[in-house]
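> Sequence:
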Amino acid sequence: MKNTLLVLILLLSTNFHAQDRGHERPPNREHHDLRKDFSIEQKAELMTKRMVLDLNLSEKQQKEIQKIHVDLVTQRETRKKEHNNDKLTSDDHFERRSQVLDQRIAAKKRFKAILNKEQFDKFERAQHRKKHFRKGRHGRKKR
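Its first residue numbered 1, the sequence shown is counted upward by one per residue in my numbering.
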């Protein structure tokens, strides 16, 4: 009798604990709102500094990659400004996707020309992890 009572209490306590949602943090959007105020150069500089830390870039490489990042951020900002909330046709949507992919291919070629093989391999692995991290978080539903 004691054992069944103990098992019943254990099951109920884990069930109540599993349903408790009070420990979840509300989404923190403050840091996201602050990034809106950064200039294009500031965003590019932060991106470059992250790459310097990850890949041990030389001064020459830093300057070249800084230019690439300025171009990438500028392109992204212009796409955001051009984006309207109107419903896009499938041709318009295809055109935008194609343009973004063309820009990514060009940027990848520019990075490959600047980085050595070891750095580029490490850069590719980081991009792959980043892509899959976004995919995993994108599909989750908020509870």
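Note that these hints are calculated values from the structure, not bench results. Heads up, some of the hints might be wrong.
Taking CB as the label site, the calculated pair distances span [unchecked claim]:
1) Ile105 to Phe133: 54 to 64 Å
2) Arg79 to Arg129: 21 to 31 Å
3) Arg110 to Leu11: 54 to 64 Å
Derived DSS-like pairs (lysine-lysine); straight-line CA-CA distance at most 30 Å [what the hints assert, rightly or not]:
4) Lys80 to Lys117
5) Lys109 to Lys87
6) Lys2 to Lys80
7) Lys108 to Lys49
8) Lys2 to Lys60
9) Lys2 to Lys67
10) Lys63 to Lys2
11) Lys117 to Lys81
12) Lys2 to Lys81
13) Lys60 to Lys117
14) Lys67 to Lys49
15) Lys63 to Lys43
16) Lys81 to Lys43
17) Lys87 to Lys112
18) Lys67 to Lys43
Ideal placement from N, C-alpha and C gives every residue a C-beta, glycine not left out.
> So, for every hint listed, does it hold in this structure?
Results of checking the hints against the structure:
A C-beta distance of roughly 22 Å is found between Ile105 and Phe133, which places it outside the suggested range of 54 to 64 Å. Arg79 and Arg129 have their C-beta atoms about 24 Å apart, which keeps the hinted 21 to 31 Å range intact. The hinted range of 54 to 64 Å is satisfied by Arg110 and Leu11, whose Cβ atoms lie roughly 59 Å apart. Only pairs whose Cα atoms come within 30 Å are accepted, and Lys80 paired with Lys117 is rejected, the gap being roughly 33 Å.
Between Lys109 and Lys87, the direct Cα distance comes to roughly 33 Å. Violation of the 30 Å bound is thereby established for this hinted pair. Proposed proximity of Lys2 and Lys80 is contradicted: the alpha carbons are some 65 Å apart, above 30 Å. Our distance criterion of 30 Å between C-alpha atoms is met by Lys108 and Lys49, whose separation comes to about 18 Å. Proposed proximity of Lys2 and Lys60 is contradicted: the alpha carbons are some 74 Å apart, above 30 Å.
A distance of roughly 72 Å separates the Cα atoms of Lys2 and Lys67; the hinted pair therefore is violated under the 30 Å criterion. Distance restraint check for Lys63 and Lys2: the Cα-Cα separation of roughly 72 Å exceeds the 30 Å cut-off, and the hinted pair is therefore not satisfied. The hinted pair formed by Lys117 and Lys81 fails the criterion: a straight-line CA distance of about 36 Å is larger than 30 Å. Taken as a hint, the Lys2 and Lys81 pair is broken in the structure, with Cα atoms around 68 Å apart against an allowance of 30 Å.
Note on Lys60 and Lys117: the hinted pairing holds, with a Cα-Cα distance of about 16 Å set against a maximum of 30 Å. Between Lys67 and Lys49 the CA atoms are separated by roughly 13 Å; this keeps the pair inside 30 Å, and the hint holds. A hinted pair counts as satisfied when its Cα atoms are at most 30 Å apart, and Lys63 with Lys43 qualifies at roughly 15 Å. For a cut-off of 30 Å, the pair hint linking Lys81 to Lys43 stands: about 17 Å separates their Cα positions.
Under the criterion of a C-alpha separation no larger than 30 Å, the hint pairing Lys87 with Lys112 is inconsistent with the structure, at around 37 Å. The hinted pair formed by Lys67 and Lys43 meets the criterion: a straight-line CA distance of about 12 Å does not exceed 30 Å.
The structure fails hints 1, 4, 5, 6, 8, 9, 10, 11, 12, 17 (numbered hints given earlier, in ascending order).
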